[in-house]
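Number of protein chains: 2
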Amino acid sequence: MRLKEIGEFGLIKRFQNKIKTDRSVFRGSGDDCAVLNLSKSCYQLFTCDMIIEGVDFIKSDNLEAVGRKALGVSISDIAACGGIPRHAVVSLGLPKNMLVSQVDLLAKGLFGLAKKYKINIVGGDISASGKLVIDVSMLGQVQKNKLCLRRGAKYGDIIMVTGSFGGSIKGKHLNFTPRLNESRFLVDNFKINSMIDVSDGLIQDLGHILEQSSAGAVLYESLIPLSKEAAGIEEALCSGEEFELLFTVSRDQASKIIKSSKYSFKVIGEIMPASFGLRLINQNNKYSAQKGGTWQSFKPRCQKAGFKHF
Amino acid sequence: MRLKEIGEFGLIKRFQNKIKTDRSVFRGSGDDCAVLNLSKSCYQLFTCDMIIEGVDFIKSDNLEAVGRKALGVSISDIAACGGIPRHAVVSLGLPKNMLVSQVDLLAKGLFGLAKKYKINIVGGDISASGKLVIDVSMLGQVQKNKLCLRRGAKYGDIIMVTGSFGGSIKGKHLNFTPRLNESRFLVDNFKINSMIDVSDGLIQDLGHILEQSSAGAVLYESLIPLSKEAAGIEEALCSGEEFELLFTVSRDQASKIIKSSKYSFKVIGEIMPASFGLRLINQNNKYSAQKGGTWQSFKPRCQKAGFKHF
Numbered sequence: 001m002r003l004k005e006i007g008e009f010g011l012i013k014r015f016q017n018k019i020k021t022d023r024s025v026f027r028g029s030g031d032d033c034a035v036l037n038l039s040k041s042c043y044q045l046f047t048c049d050m051i052i053e054g055v056d057f058i059k060s061d062n063l064e065a066v067g068r069k070a071l072g073v074s075i076s077d078i079a080a081c082g083g084i085p086r087h088a089v090v091s092l093g094l095p096k097n098m099l100v101s102q103v104d105l106l107a108k109g110l111f112g113l114a115k116k117y118k119i120n121i122v123g124g125d126i127s128a129s130g131k132l133v134i135d136v137s138m139l140g141q142v143q144k145n146k147l148c149l150r151r152g153a154k155y156g157d158i159i160m161v162t163g164s165f166g167g168s169i170k171g172k173h174l175n176f177t178p179r180l181n182e183s184r185f186l187v188d189n190f191k192i193n194s195m196i197d198v199s200d201g202l203i204q205d206l207g208h209i210l211e212q213s214s215a216g217a218v219l220y221e222s223l224i225p226l227s228k229e230a231a232g233i234e235e236a237l238c239s240g241e242e243f244e245l246l247f248t249v250s251r252d253q254a255s256k257i258i259k260s261s262k263y264s265f266k267v268i269g270e271i272m273p274a275s276f277g278l279r280l281i282n283q284n285n286k287y288s289a290q291k292g293g294t295w296q297s298f299k300p301r302c303q304k305a306g307f308k309h310f
Numbered sequence: 001m002r003l004k005e006i007g008e009f010g011l012i013k014r015f016q017n018k019i020k021t022d023r024s025v026f027r028g029s030g031d032d033c034a035v036l037n038l039s040k041s042c043y044q045l046f047t048c049d050m051i052i053e054g055v056d057f058i059k060s061d062n063l064e065a066v067g068r069k070a071l072g073v074s075i076s077d078i079a080a081c082g083g084i085p086r087h088a089v090v091s092l093g094l095p096k097n098m099l100v101s102q103v104d105l106l107a108k109g110l111f112g113l114a115k116k117y118k119i120n121i122v123g124g125d126i127s128a129s130g131k132l133v134i135d136v137s138m139l140g141q142v143q144k145n146k147l148c149l150r151r152g153a154k155y156g157d158i159i160m161v162t163g164s165f166g167g168s169i170k171g172k173h174l175n176f177t178p179r180l181n182e183s184r185f186l187v188d189n190f191k192i193n194s195m196i197d198v199s200d201g202l203i204q205d206l207g208h209i210l211e212q213s214s215a216g217a218v219l220y221e222s223l224i225p226l227s228k229e230a231a232g233i234e235e236a237l238c239s240g241e242e243f244e245l246l247f248t249v250s251r252d253q254a255s256k257i258i259k260s261s262k263y264s265f266k267v268i269g270e271i272m273p274a275s276f277g278l279r280l281i282n283q284n285n286k287y288s289a290q291k292g293g294t295w296q297s298f299k300p301r302c303q304k305a306g307f308k309h310f
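These protein sequence lines are chains U and G, in that order. The first sequence begins at 1 in our numbering and counts up by one. The second sequence begins at 1 in our numbering and counts up by one.
Careful: at least some of the hints might be erroneous.
Intra- or inter-copy, both count: the list cannot distinguish identical chains.
Mimicking DSSO-like on lysine-lysine, the simulated pairs with C-alpha atoms at most 30 Å apart in a straight line are [unchecked claim]:
#, residue 1, residue 2
1, K20, K144
2, K154, K256
3, K191, K154
4, K262, K146
Treat the hints as calculated values from the structure; they're not laboratory data.
Using the sequences and the hints, build the whole thing.
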């Protein structure tokens, strides 16, 4: 069997079945970050992300933006868990004929973003490579009562997002702002039941929340904020690497968040019982997907969008 | 200027000059691991290592061994700091046409070694890649009074090693045992002044200790333990990826370590004042290198050996 038959998520499940962890681990593989016991009041967050030339960026992309992206995706993971990024190590696989000035550009993006968010770059590894590869591993901290996971969504929760969706591949995937400030504002002031960052696509990442919360959902297509670059609603629902926050809160908390108006948070739907499945209500107020459908039913619709790895 | 002109270490220095860290960092880039403040009695160790097909292993290598190596190099870094490995995340860049059974082999090596050393694999990232790339980031812990760095070597210290040297590329680099047990034994029972693992080559890694300790050294070629695979003393001095421990201790501690005889630790030389430089005494009891020479003087001799990246 080849990788493309089992797919990225099939492979992850295959690994997860082999993993046993001890009591130092509050939450292992399966969320935006691993969550480790640190002290009475805090957890440590631990995440890694690898970006590769030809897959996550192309050779002609601005290397300063590539450096920012390499660090930004991990910051986005820490933000999705409600945490504060603190330390990172960086592994670089560099083509032999690369110019030192090009590596400087990459470093400028990476160190610049680290400085902005007060993240300590504390080490790394350098290797030769055919294609440029950058792996960032990041540590963060989160107060125990502020930790957000994928698994806390409750029937009746309002589903909300930051930013707008669609067409990330046209530029946003390299020039996004990780939603750290928004995440801080949310966890400092409200009770967030579940949260994830949109890296695989809105539908797919909502699917991760639903699966881990044993819940269903209804989404209103007319409420999805479309970016200027979005080709349409379909593409906005499937577009990967948007790096926006997707979260669920009680109806009461949602109205307080909307009134706070410090950042632009939008309501896009509601959490339903698991038996309801995931259903979209289209612009004509009709269900655009089968009753009882799961997020996996949407896979064929999203096949052409986003950054599919296999 | 191209990377091969500045070299791996030139590039690392270039980065280090740009890095500022806050008080949460006891020791940043420049040692086997980053050392972070964790609690009153403990530091947290943080390290990453990337291995790439065609550089650190070849396509026909046994993938179970490749998986072991990916984790083993980081365990070796934690051991070199006197610590205990605890948690790891793994990023995989996988060729699209790879078979699931091949990934299973890789995972078998990786998870098997993790189980042996009770390391929790707590997360990861999977991406498509032209060549197989594996990056492991690892966290460890060390009691503050047991931390070993490169910088503590003192004039008069005895230089010691585990294992034997030379010809790692013929197989050991894929089938080494990280010296975690030896490291535990050393830091639990003795005062280790400086320690490093031999990944770049005996001379070069001793050079790192000398540079950071502002010290010189004399090595006795007749005392270097040669492995069966070693082509000769020259090759043993330069061979990279041996993953043995190289450490320095006072004369008193050295004699106690030798008498303890729990593991095979060998004396190979002595720490001298910085002005002495690094000098080798050959089998005829004569200096085989210029007085006042630094480890960098040995670079041309080592050009052909080891795993040079650029």
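Hint by hint, here is what the structure shows:
1. K20 / K144: Classified as both: same-chain Cα gap 23 Å, cross-chain 29 Å, threshold 30 Å.
2. K154 / K256: within (18 Å within a copy, 63 Å between copies)
3. K191 / K154: Within one copy only: 12 Å inside a chain, 55 Å across chains, cut-off 30 Å.
4. K262 / K146: Within one copy, since 19 Å is at most 30 Å while 48 Å is not.
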